[in-house]
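Peer 1: Using the sequences and the hints given, assemble the complete structure.
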Amino acid sequence: MKHLLAALLMMATPVLAEDGHDHDAPAHAFEIGGLDILHPWTNATDHGPALLFMELHNEGSAPVEILGARLDSGVEGQLVGFRMKGGEMGFETLPPIPVAPDRQLALAPDGLAIRFDGLQVALEEGHHWQVILMTSAGELEIDVMIEADDARQHSHAGHSH
Amino acid sequence: MREIWDGLPVLAQDLMSAGALLLPLLVVGGVLLRGFRPWSLIRALMWRFRWANLLFVLLIAVSTGMGIGLIAQERGLRTGSAQAAEKFDLVVTAPGSELTMMLAAVFLQPSAVPLLDGAAYDRIANHPQVQIAAPVAFGDSHDGAPVVGTIADFVTYLSDGEIEGRIFTRSGEAVAGAAIDLQIGDRFTPAHGRGGGADAEAHDGVQIEIVGRMARSGSPWDRAILIPIETVWEVHGLANGHPFEEGDRIGPPFAPDLFPGTPAVIVHADELWANYALRSEFTEAGETMAFFPGTVLADLYRVMGDVRQAMSVMSVVTQVLVAASVLLGLFILTRLFQRQLAMLRALGAPRRFVMAVVWGYGVSLLLAGTVLGLAFGYAAVLVLSRIVTERTDILVTASISWAEVTLALGFLSAMSLLSLVPALVVLTRPVVENLRQ
Amino acid sequence: MALPLQISDLEVRAGARTLLKVADLSAPAGALIGIRGPSGAGKSTFLHALSGLIEARGRLCWGEVDLIRLRPEGRTAFRAKNMGLIFQDFLLFDELSPQANAGLAGLFRVRHDRPPISARAAEALARLGVPEGRRTVGSFSGGERQRVAIARAMATDPGLLLADEPTASLDRRAADTLIDDLTSLVRASGKTLIAVSHDPHLLDRLDRILTIEDGRVTGDTGAQAA
Ligand SMILES: Nc1ncnc2c1ncn2[C@@H]1O[C@H](COP(=O)(O)OP(=O)(O)OP(=O)(O)O)[C@@H](O)[C@H]1O
Ligand SMILES: [Mg+2]
Numbered sequence: 001m002k003h004l005l006a007a008l009l010m011m012a013t014p015v016l017a018e019d020g021h022d023h024d025a026p027a028h029a030f031e032i033g034g035l036d037i038l039h040p041w042t043n044a045t046d047h048g049p050a051l052l053f054m055e056l057h058n059e060g061s062a063p064v065e066i067l068g069a070r071l072d073s074g075v076e077g078q079l080v081g082f083r084m085k086g087g088e089m090g091f092e093t094l095p096p097i098p099v100a101p102d103r104q105l106a107l108a109p110d111g112l113a114i115r116f117d118g119l120q121v122a123l124e125e126g127h128h129w130q131v132i133l134m135t136s137a138g139e140l141e142i143d144v145m146i147e148a149d150d151a152r153q154h155s156h157a158g159h160s161h
Numbered sequence: 001m002r003e004i005w006d007g008l009p010v011l012a013q014d015l016m017s018a019g020a021l022l023l024p025l026l027v028v029g030g031v032l033l034r035g036f037r038p039w040s041l042i043r044a045l046m047w048r049f050r051w052a053n054l055l056f057v058l059l060i061a062v063s064t065g066m067g068i069g070l071i072a073q074e075r076g077l078r079t080g081s082a083q084a085a086e087k088f089d090l091v092v093t094a095p096g097s098e099l100t101m102m103l104a105a106v107f108l109q110p111s112a113v114p115l116l117d118g119a120a121y122d123r124i125a126n127h128p129q130v131q132i133a134a135p136v137a138f139g140d141s142h143d144g145a146p147v148v149g150t151i152a153d154f155v156t157y158l159s160d161g162e163i164e165g166r167i168f169t170r171s172g173e174a175v176a177g178a179a180i181d182l183q184i185g186d187r188f189t190p191a192h193g194r195g196g197g198a199d200a201e202a203h204d205g206v207q208i209e210i211v212g213r214m215a216r217s218g219s220p221w222d223r224a225i226l227i228p229i230e231t232v233w234e235v236h237g238l239a240n241g242h243p244f245e246e247g248d249r250i251g252p253p254f255a256p257d258l259f260p261g262t263p264a265v266i267v268h269a270d271e272l273w274a275n276y277a278l279r280s281e282f283t284e285a286g287e288t289m290a291f292f293p294g295t296v297l298a299d300l301y302r303v304m305g306d307v308r309q310a311m312s313v314m315s316v317v318t319q320v321l322v323a324a325s326v327l328l329g330l331f332i333l334t335r336l337f338q339r340q341l342a343m344l345r346a347l348g349a350p351r352r353f354v355m356a357v358v359w360g361y362g363v364s365l366l367l368a369g370t371v372l373g374l375a376f377g378y379a380a381v382l383v384l385s386r387i388v389t390e391r392t393d394i395l396v397t398a399s400i401s402w403a404e405v406t407l408a409l410g411f412l413s414a415m416s417l418l419s420l421v422p423a424l425v426v427l428t429r430p431v432v433e434n435l436r437q
Numbered sequence: 001m002a003l004p005l006q007i008s009d010l011e012v013r014a015g016a017r018t019l020l021k022v023a024d025l026s027a028p029a030g031a032l033i034g035i036r037g038p039s040g041a042g043k044s045t046f047l048h049a050l051s052g053l054i055e056a057r058g059r060l061c062w063g064e065v066d067l068i069r070l071r072p073e074g075r076t077a078f079r080a081k082n083m084g085l086i087f088q089d090f091l092l093f094d095e096l097s098p099q100a101n102a103g104l105a106g107l108f109r110v111r112h113d114r115p116p117i118s119a120r121a122a123e124a125l126a127r128l129g130v131p132e133g134r135r136t137v138g139s140f141s142g143g144e145r146q147r148v149a150i151a152r153a154m155a156t157d158p159g160l161l162l163a164d165e166p167t168a169s170l171d172r173r174a175a176d177t178l179i180d181d182l183t184s185l186v187r188a189s190g191k192t193l194i195a196v197s198h199d200p201h202l203l204d205r206l207d208r209i210l211t212i213e214d215g216r217v218t219g220d221t222g223a224q225a226a
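Chains as they are written, first to last, in my numbering: chain R, 1 to 161; chain W, 1 to 437; chain D, 1 to 226.
Calculated from the structure, these hints are not laboratory results.
Possibly wrong hints are sitting among the right ones.
Which bits of chain R does chain W cover? Going by a derived footprint, with three or more residues having C-beta under 8 angstroms, they are [claimed, not checked]:
#1 29 to 37
#2 74 to 84
#3 99 to 108
#4 128 to 142
Pulled from the structure, derived: some chain W residues nowhere near chain D, Cβ distances all over 10 angstroms [unchecked claim]:
#5 G205
#6 E284
#7 Q340
#8 P350
Virtual Cβ for every residue (Gly too), placed ideally from N, Cα, C.
Peer 2: Here it is in structure tokens:
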């Protein structure tokens, strides 16, 4: 179901755009080395940390490792995993995570995320944010939707799955 | 500034914020009391109005204690339930409500849940990143305690290997949780179902022997009896997951077509990151659902946090009301000793001294009430924790943290500033008028 | 140190009403003066004016200091240094010992004033025959209480003692012994005493009697003497 929709969404971006989407919005699906990146998003924030979420699906034939992300300004984002420890919620830094062929990986609240500390500029709701995703298959600039500061999913969630 | 602050140890931060909260109190106290010794007069007033004072102190103590108890208890419950779920990295079940599945699989709350089949289990168990894939089968009970079928590796993992006696090695053996009232060597017959509807006769003729006991873990599993999952299946007249030629062997691997199903699989990966990948992989629409109990708890705590916030508001309102009535009481009491205060002025005492007496008197009541309130709060948390632990087997430890101390200090500090009002009002009336009364 | 009193055109008003009007009055340091008059005449008002507890007009000089010119806190300080006040109903702290009550001024005075204050308080209590010990004054008789109040007034070694009906709450015998003790103590120390009283036994023992009626000084036994 999800695969199908993800595929559909990528093939039919223009169709979807006409389907009530913001015409000016850049694409929400990206690809590198067979790895599909869908709906990257983050929460609005004045001062970090910002957590970057997305859905990943390896459509290629080789595993791809997710290494992290960075900004043009040089600020680096690290892979972190949400953890409950002794009743306190927190994040733990993680090593690169491989996505095997035909497997998927979701970066989502209370799960995996790429965390940016020490952002210089505020992330404003409704705007876009340019982030460079670092993978073993190379780097890729992606366009991240900035959702409300209390959003728990990206705003396309309603009709994409 | 911020960086310096963030760089400080937590205790230093706590001490400094407590100090900052107390600063108004200390400054006012320092200014008013400098060079004076009003304490014998304050003691005299304390004694003169002892019953009214006692009432005020109790009022303050109860309202402070309530607020503190609430926060501390909520935290205790949060920490306790999170710790009880700590061993459960990832749970895979049939699709449904994550909360229901978590309560059933992690907190062993009775509920009817759909089963995962042998193929699903096989896929999980054979995943290269999975270290333990433990089926857990619940539904039977003994004397109210859940009887849970699983595999030996999971029992070892759950108890960190701390088992008195030994682990089960064949069908018909059991390892008891720390809170179970059976001794090693005892035998029991499991009842079908749990609670009031449990059918004690359904499994007549089945005898299970306790061969080991797990160390206390502070989780509902302390009150569970763990048996081989094969025993659960056999007792219910199902295949036991193994072909006939394997004989009495228990534990994985299971033959998928002889696997009768399991409500949940507890997954433990050898590496932390793998859990996140596994969650994505084992979440398959219509087939399986994978979740982190920690995440479900986090959602739950967010709701609890909202409730706590609402209750905090209520307790703050209560505290404000108590504060108002204590202030009113101070007004009334100061009128009762207004003549003596006027006498002090007539004897040449400066205004500041009279203020020091009235303010010191009010603050002494507040201080006594706040300290007693902390004690009340702690006692309340102690009692509540014991009750919750007894009822749920989630080990809730009572503790008063800086958050509560800070709350109490904030109240004390704010009230001590307000106590200046009766002290000032006393001075507005002319000395002679008060002397004449 | 006792101070001479010099009053001219003193006037105390409450709204439109004149409560007290004293055109001219003086008294030397160390005088023992009684004030008598009918109820409501303004005797207490006069005492309050003398101690700077109420606003007044005119001139009211204790030695060089005109109380009326002083600001309120200055009057308070002057009172603390120079005056001891004695009230009809004692106004003690029942919960405290006689020593603590008599040494009350030490609680708001600077540190080096405290030892002499408690020493004088103890001395006055002994001379007035107040029972020693830890008992609080709550259990004291009226006579004993007024002695504690006198000791409190004496503890700061003021030049002036102002007393408002000091014997009115006491029975005859207690009053008589108190009068003996008070007057001899005051004379021995050379202090000025101004006492409002109806008690002839007390007035008899003083040097000079002022009569106040309807807010005016209508009689002064010292006027001819001076
Ligand atoms: N603040 C005030 N406003 C109006 N009238 C006042 C005020 N203070 C005192 N008085 C009035 O002034 C008068 C003198 O009062 P004062 O207390 O001096 O009398 P007194 O001679 O001491 O009487 P007593 O012997 O009863 O004590 C009284 O009529 C009293 O009611
Ligand atoms: Mg009077």
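Peer 1: Now, for every hint given, state plainly whether the structure supports it.
Peer 2: Do the hints match the structure? See the list:
1. 29 to 37: violated (count 0)
2. 74 to 84: Check passed, 5 qualifying residues.
3. 99 to 108: holds (count 5)
4. 128 to 142: violated (count 0)
5. G205: 81 angstroms, holds
6. E284: It holds; E284 (chain W) is separated from chain D by about 80 angstroms at its closest Cβ, greater than 10 angstroms.
7. Q340: 6 angstroms, violated
8. P350: 6 angstroms, violated
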